[in-house]
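Kindly produce the complete structure, drawing on both the sequences and the hints.
2 protein chains.
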Amino acid sequence: MRRFSLFLVGITVAGCVFARIFSASAQSGGDASPIFITKIPAGYRDWKLISVAHEEANLNSFGAVLGNDVAIKAYREEKFPFPDGAIIAALHYRFVASDENNKAFGQPQSFVAGDPTNVQFMVKDSKMYARTGGWGFGHFNQDGTPGGEALLKTCSPCHAKASRDFVFTRYSR
Amino acid sequence: MRRFSLFLVGITVAGCVFARIFSASAQSGGDASPIFITKIPAGYRDWKLISVAHEEANLNSFGAVLGNDVAIKAYREEKFPFPDGAIIAALHYRFVASDENNKAFGQPQSFVAGDPTNVQFMVKDSKMYARTGGWGFGHFNQDGTPGGEALLKTCSPCHAKASRDFVFTRYSR
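Top to bottom, those sequences are chains S and P. Per my numbering: the first sequence = residues -12 to 160. Per my numbering: the second sequence = residues -12 to 160.
Just so you know, these hints were derived from the structure itself, not from any lab. Do not take every clue at face value.
[As the list claims (entries may be wrong)] With a straight-line cut-off of 30 Å between C-alpha atoms, the simulated DSS-like cross-links for lysine-lysine are:
1. P:K140 / S:K90
2. S:K66 / P:K90
3. S:K90 / S:K114
[Stated by the list, open to error] Under 10 Å between C-beta atoms, here's a sample of chain P residues computed to sit facing chain S:
4. V39
5. E42
6. A51
7. D112
8. S113
9. M115
10. D152
The structure presented is a predicted model; accordingly, all values stated were derived computationally and were not measured. For each residue, glycine too, the CB sits at the ideal point set by N, CA and C.
Laid out in structure tokens, this is it:
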């Protein structure tokens, strides 16, 4: 839960409108269980920058938050809540000191992105994900395997604490 | 010098091949003075992500490093030194705690990009910038005004310390 909380706040995230969806409980009758993203959105590494984030404590992560064109347009025009089709991706890396940079600076002060750890997604589809604020959530480890349902169930309740449409991350101009 | 050192290491940067250039000493006879970038490259905010960086100490900055298509291609194919036409941009922001995120986490641990401070550029043109390792350097404050010559003169000597073609920043996959 702590790991996923990273996505939930400092580094907001997204999914794919075209993603296959999965929810055993939803498929078997439809209770209040969320529906999760189970396929990594294609081309997300080419998306435009929304902002950056760092989490201390157990996460010790460095993150870059990217958005597809629908999300970027909403951010730039400040039109919220986000429209259907918006996708936000949070790329997470280890937060590590840079020996090369510190040597150039002449003192320890520089931190960079280390090994990638996971990527998380939020996709806005107000009908499909109506149960979780209109957002579908996804988490994928570095090897491409998705996060488990126990982890994904923590996304929506935490993002509901955000002051604006379940998204914590602000756009950096 | 400390401010610009940020660009010089943790957050690498770039300029514009089409930029007007400026160097009083170079124009008046051509000594070893560097030639600096004096115009912000168009569209850089739409470029793809290279990586992220954080500097402590006096800088206290959060940075996102972006690249134009030429730079990104070189990074992804790991073809160095960078070809002419490559441009790298470092967008710098204040490194600030996020009260909203920390409240959601239930503890202080989250840092985000605050107000923008400056953007810095490196542009590869092996002939035009032959005197500074084939790279032209530029610095622009948040109001669009360029950094002074004294500041810009510190770029090249520091970037020369990088182990690969004057560029410290590695690509984050």
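**Message:** Would the hint linking K90 (chain S) and K114 (chain S) be met if the CA-CA limit is 30 Å?
**Reply:** violated, 53 Å
**Interface hint for E42 (chain P), Cβ within 10 Å of any Cβ on chain S** = This hint holds: E42 (chain P) lies near chain S, its Cβ roughly 6 Å from the closest one there, short of 10 Å.
**Restraint check, 10 Å cut-off on beta carbons, for D152 (chain P) near chain S** = Check failed: Cβ of D152 (chain P) comes no nearer than 13 Å to chain S, outside 10 Å.
**Message:** With the threshold set at 30 Å, check whether the alpha-carbon distance from K140 (chain P) to K90 (chain S) stays at or below it.
**Reply:** Measuring from Cα to Cα gives roughly 19 Å; hence the hint holds.
**Asked** Quick one, is the D112 (chain P) hint okay against chain S at 10 Å, beta carbons?
**Response** violated, 23 Å
**Request:** Go through the hint on A51 (chain P) and say holds or violated, using the shortest Cβ distance to chain S against 10 Å.
**Result:** Holds: closest Cβ of chain S sits about 5 Å from A51 (chain P), inside 10 Å.
**Request:** Would you check whether M115 (chain P) satisfies its interface hint, that is, whether its CB is within less than 10 Å of any CB in chain S?
**Result:** Result: violated, 24 Å to nearest chain S Cβ.
**Prompt:** Given S113 (chain P) as an interface hint, is the shortest Cβ-Cβ distance to chain S below 10 Å?
**Reply:** violated, 22 Å
**Asked** Within 30 Å, alpha carbon to alpha carbon, are K66 (chain S) and K90 (chain P)?
**Response** holds, 25 Å
**Restraint outcome when V39 (chain P) is required to lie within 10 Å of chain S by C-beta distance** = Where the cut-off is 10 Å and the nearest Cβ of chain S is about 5 Å from V39 (chain P), the hint holds.
Violated hints for the displayed structure, listed by number in ascending order: 3, 7, 8, 9, 10.
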